[in-house]
Amino acid sequence: MSRHFAIGIDVGGTFTDIVLATPRGQIATAKAPTTPADQTEGVLAALALAAAEIDLSLSGLLSGTEQILHGTTVATNALVEGKIARVGLITTEGHRDVIEMREGLKPERYNLRLPPPAPLVPRNLRIPVRERIRADGSIAIPLDRASLDSALERLAAAEVEAVAICFLHSWRNPAHEAEAASRARSRLPGAYVSASAEVLPEIKEFDRFCTAVANAAVGPVVRDYLVRLEQRLAAAGFSGSLLVMLSHGGLADIAEAGRLAAGTVLSGPAGGVAAGAALSRYGLGPSLITFDMGGTSTDIALIQDGRPRLAVPRGLGEARIALPSLDIATLGAGGGSVARIDPSGLLQVGPESAGADPGPACYGNGAGLATLTDANLVLGLIDPEHFLGGRQRLDRAAAERALAPLAAQLGLSLEETAAGIHRLVNARMPDGLRLATVRRGVDPRPFTLLAFGGAAGLHATAVASTLGIAAVALPLDASVLSAWGMLRTDIRLELSRTRLDPAGIEAEKLVADFAAMEEEGLERLAWFDGPLSFRRSADMRYGEQVFEISVPLDGLDWASSSLESDIAARFHDRHEALYTYALRDEPAVAVNLRLSVTGVLPDLIPARLAAGPPASPVAERRIVLSAPHIVPVYEFAALRAGQELSGPALIESPGTTILLRPDDSACLDERGWLSLRPARSETRP
Amino acid sequence: MPVPCRLAETEGGKKLPVGPERKPRANLEPLDPLLARRSLPGADQRLRNPPPPPAFRNSQPVEIKRSFTLRPKQRPNDLSSCLGNCPAGCFQRPRHAFRGLAERGRRWHHAKPRKRGPDQKGDRRGIRRDRMPDNRSTDFNHPRKSLARGSKPIAVRAGACQHSPMPDPITLAVLQNRLAAIAAEMGEAMLRTSYSQILNSSRDFSIALIDARARLIAQADHIPVHVGALPWAVRGLLEVFPAPENGSVYLLNDPYSGGSHLPDLTIFIPVFTGSGPRLFSVVRAHQSDIGGATHGAYNAAATEIWQEGLRIPPILLSERGHLREDLIAMLAANVRHARDFRGDLAAMIGAARIGAARIEATLAEFGAATLAEAIEAILDGSERGARQIVSAWRDGAYEGEAVLDDDGHGRSDIRIRARVIKEGSNVTVDLSHSDPESTGFVNSSYANMHSSVAMAFAFLLDPELPRNDGAFRPLRVIARPGTIVWANPPAPVTLCTSHCANEIVEAVIAALAPACPDRAMAGWGRRFRIAIDGMDPRTHRRFIWHLFQARPGGGASAAGDGWPTAGEWHSAGGLKFGSIEVTEVRFPLFFEQHEFRPRSGGAGKHRGGAGSTLRFRVETAGPSRANTAGDGIRHGARGILGGEDGAPHDYRLAAPTAPPCAIATKETGIVIPPGSRLMIESGGGGGWGNAAERDPAALARDAAEERA
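Those protein sequences? They're chains A and B, same order as listed. For the first sequence, my numbering assigns the number 1 to the initial residue and increments by one for each residue that follows. For the second sequence, my numbering assigns the number 686 to the initial residue and increments by one for each residue that follows.
Among the hints, a few may not be true.
Said to hold, decoys possible - Have a look at the derived ranges for each label pair, beta carbon to beta carbon:
hint, chain 1, residue 1, chain 2, residue 2, range
1, A, G530, B, A1382, 55 to 63 Å
2, A, S533, B, A1388, 55 to 63 Å
3, A, A178, B, A1046, 53 to 61 Å
4, B, G1360, A, A178, 25 to 33 Å
5, A, D585, B, A1389, 42 to 50 Å
6, A, D383, B, E1149, 34 to 42 Å
7, A, E518, B, A1388, 52 to 60 Å
8, A, S533, B, A1385, 27 to 35 Å
9, A, S533, B, A1389, 23 to 31 Å
10, B, L1384, A, A178, 51 to 59 Å
11, B, P1381, A, I141, 53 to 61 Å
12, A, D529, B, G1360, 36 to 44 Å
13, A, E576, B, M1015, 22 to 30 Å
14, B, A1054, A, D573, 24 to 32 Å
As the list claims (entries may be wrong) - Only some residues are given here: those of chain A computed to face chain B with a beta carbon under 7 Å:
hint, residue
15, P115
16, R123
17, R187
18, L188
19, G345
What the hints assert, rightly or not - Covered stretches of chain A, as calculated for chain B (at least 3 residues, CB under 8 Å):
hint, segment
20, 163-174
21, 346-354
22, 411-425
It should be emphasised that the hints constitute simulated quantities derived from the structure, not laboratory data. No residue lacks a Cβ here, since even glycine has one placed at the ideal position from N, Cα and C.
Given only the sequences and the hints, what does the whole structure look like? Please build it.
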């Protein structure tokens, strides 16, 4: 039997989602509870469900599968929960505290009672070794083997599970790190060894060291998980390729993912962004803002010209990871965000979240925290009988009890208070979104808001209208969108190189550097037999600035004699677009060169929904917005392509409820999403 | 044998004895019997000083009124009517606040509160003279007295204006978040576009939205010592430009016209459209150079402000929507790094413009009346929150003191004394017994003194409480011109945002520690910066490098140990030091060691944060020259409530052919021969509580990790 299935697997916090496809399109989806102790259990269970959907056995499905594309939260959970490996750090003598000095910065400027958090590696496991490389790559102090060996002895005695090797200026000359890594691997054969220049060959020791340490901290658990998953899949009959989604939104084989374990922290959310890029290809337009509003937070990413943006660095718990990753901004507001009265007497929502446990008051778990979900329930926007497709009953009385004290303090009625919480979230989201987009130099108005995640449907049109966004889209597969997106992703390798003493653009050297990086890319993707494509960009700044901006260099004539001024012009234009001005007489400096190598996987044929007679509402319900309304309730799955709806109305699906406000309108697109047109707002961004 | 590492004596004036020795602290003596009786037994106070010097015995301390709220019916339409002739305090200002302006013939009306009959509880403005803590001062308490009394949380409707519709609580919350988001967005733009290392790496800038009554409406958390000072800059601006033009760009730096110190340029763009609240979008940023006798703005030798740099009283930088290129060229011609200066100024104006545009959009979205009323309610809400916190502190009269090492001109142990009276929800800080002003640049400007007290107060409140004008209404400040905390022109003041700002904060917090021991924190480290001016042999270009590494430690608190290498009170973890790798690429320096300095944090139940050990070689072609600016080689950050002081700084220079010699904190023209090593030990934070009570597990960890 030929292998013709492709499977996307997204292991989320609550559910493991599966989307099953053949090259002719999607054929089944499945959901099984995530099993936190060993995520492979949940993956296998979900695969069995998916197989049953198409009347195959698990081994029948797997033996017919060409590719499994996988998003995992193993690294993220390890960092957030602090269940990380015991890491030892080998570092340059005289500089053992780099990761704990934190560049002199402390969060929460006015909170002087905030105690310092414990670093990922305690000071007694940060062991200095005598060696030093200069800024120009020359060796000031040769690597002292005796001091290296005694450091490794100490780490062996401390029974570390992973070793990070971080020497100054290894971005320029990695020889000492390479030697130390090889001795560490032979002295501590079971340990996961991560050298900073192997992980992130860029200048700035704090970012590089922290990334190597984070990589070592999650390396053992990620590597073990991937190996276990591969073995179990093989045992169940799978002989295709297992690819893992990385934080930068591309796929990598499990060897690369195991080596760059810290590069999997956004593995799950990356699927949602990949879905956005795919929908953009399928006709949703080149400019999207993905708006993934879940229980504790809202993830926002930009897709421009059909491509997501990359950014560095990123903090997660105590870890700091400076690997290229999707530029996902997180706002601390979601369905579980807790409403409270702040010390100055004003209503606030979040950033504290009730999470999944105890959850909102209406989950009935007894904590009685008043959350956004409780407010939406009191407003009639959520059906207590059909939450999560009826899997969970909600307790409206508990929600009302939780809101009552806030209402009393504000001097408002229960419904006014609930409406206030709903409205405050609707108002704060655009502020956060604007900050997230403007920080990236983007005017959000011409974008389409791609809404998904459990809480997005109730807030998307209000948020869009405040921002002046005219189009909102809600995909039909919203509840498994990350897995859906993984099926539409390519293999990708992100390479970067810090230039030595850049005095400007230096076009000739730049061309040579890119050529060398392309060689490296070809070599590392030698296992892939499909077509490859390359994208070039440079991180550039004016001479005295410190923050670089990313300037795409595709579409340039690399043989042109005016290459240097062409690149400079792109930089000035970009700076002006981002920050309102450019200094065209000032020299521009290209600091880091970046090359993205893509191994193109065949795309799936997009779905086409059937047209038909418009579906009728399944119920009517009383809801409260600024005033009470009786609104029709539709079932999402029953809608027909081309069907027009107008607000106020509710559209329910097992994963989310969509609110059409008065004067909003919607139409189901045959390509698989609901197109929402928010009522024009009086407000301006 | 004298160490050949200094320039001629003429350069730096008199030299100080330098060295790491610390004077034992003298026995403490109360300032006066009344206060002694009211002090709490066992309080950690340092009342070891003689009464204030005779010269100041008879001079009147001037109280600074810090909040200017009119009843709505009195609110002027036109600001000029309020500026010129309002004795009722709408723009009240102390007599000597900006003597520079007074010298130019502009005088402020000084209010004389009208006396009322003894049966009445207060004067026309609700002033209760019987409540005054000190009969030498006048009291300009806030007219909305109901807030001061009410300790029970009231709905946000409290304090509403009588004749204008009150925004609903939700709109209020939306607007409060919106104003904070505008400030945050301005800060992002500033961070990403500025030119000089001091701004884009070390983030020495601040953002605020301030209204035309000089009230702080919203701010972004950047450098605490800037923020409380910015309203005073707006006042300085309004005095010269009583009716600022909408959208114009204004600039100020003069500390005697509302600024804090010369390197801090402040850009203002007014949004004065229609009848709405009149707001300024304000950006303050520290320049890497501002002219004057030495590079890098800190001139330890200066004895008058003209030696410190270019003074810019409030000026209008734009004309009919365009920047005045001639003026900018004149300013740029007077600083050493014209390119950085222009790049940073462009970034500041860009950020302020973004703020102005967002304010206008907010006005259009919500309407002028709603925004105006929301601002009142937001400020009142913060006031209520602050008063609720303060009410829980133990009432009493407290004293605290902090000591500056020296002024760089031969005078040492300069004392900042804070007498603090906490009564109900009010806190009065009286700094008028501080030592007289000094010859050198450790004097504080007026705005900076005020900001320092506000900063100390903010540190004791809840971090979540919005820091705006309302939050500071419970606070009153009394000070006297001619003292170290409020110098008369033309005294030099450049170091004041570090010193004596740190000492003012420390004196106030140490005083209040017995009143709120769970909120007070031990002393944070002192600033000690070096700027090196030399030639890079690799590029044959001149460079100026500012030391930002070797941060001192933060103070401990009831919540736990102090942050290591997080800096000083005035930046509180907001100043980033640059990458050593980048520094070595850009400058001819070689860093041998940059690590925590063991045993530098003060012992205590909670240990002070560690300072740093920094050793680096200067690999210049020829000799380079260095200036220093800072304090804290004699006195470390103080421990409180039984905790020990942090170790003081110890900076040494080892020239290749000479034994190491100590570097003083206020020197100019230090000659650094090529190949010299600088050996720097920066101070640790103070400890909190008795060391005998430290958790044994924490002690074991300290030992295992070679921290203590």
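Hints, one by one, checked against the model:
no.	hint	verdict
1	A:G530 to B:A1382: 55 to 63 Å	holds, 57 Å
2	A:S533 to B:A1388: 55 to 63 Å	holds, 57 Å
3	A:A178 to B:A1046: 53 to 61 Å	holds, 54 Å
4	B:G1360 to A:A178: 25 to 33 Å	holds, 32 Å
5	A:D585 to B:A1389: 42 to 50 Å	violated, 57 Å
6	A:D383 to B:E1149: 34 to 42 Å	holds, 35 Å
7	A:E518 to B:A1388: 52 to 60 Å	holds, 53 Å
8	A:S533 to B:A1385: 27 to 35 Å	violated, 57 Å
9	A:S533 to B:A1389: 23 to 31 Å	violated, 52 Å
10	B:L1384 to A:A178: 51 to 59 Å	violated, 40 Å
11	B:P1381 to A:I141: 53 to 61 Å	violated, 39 Å
12	A:D529 to B:G1360: 36 to 44 Å	violated, 58 Å
13	A:E576 to B:M1015: 22 to 30 Å	holds, 26 Å
14	B:A1054 to A:D573: 24 to 32 Å	violated, 42 Å
15	P115	holds, 3 Å
16	R123	holds, 4 Å
17	R187	violated, 23 Å
18	L188	violated, 21 Å
19	G345	holds, 4 Å
20	163-174	holds (count 3)
21	346-354	holds (count 3)
22	411-425	holds (count 6)
This entry does not satisfy hints 5, 8, 9, 10, 11, 12, 14, 17 and 18, going by the numbered hints stated previously.
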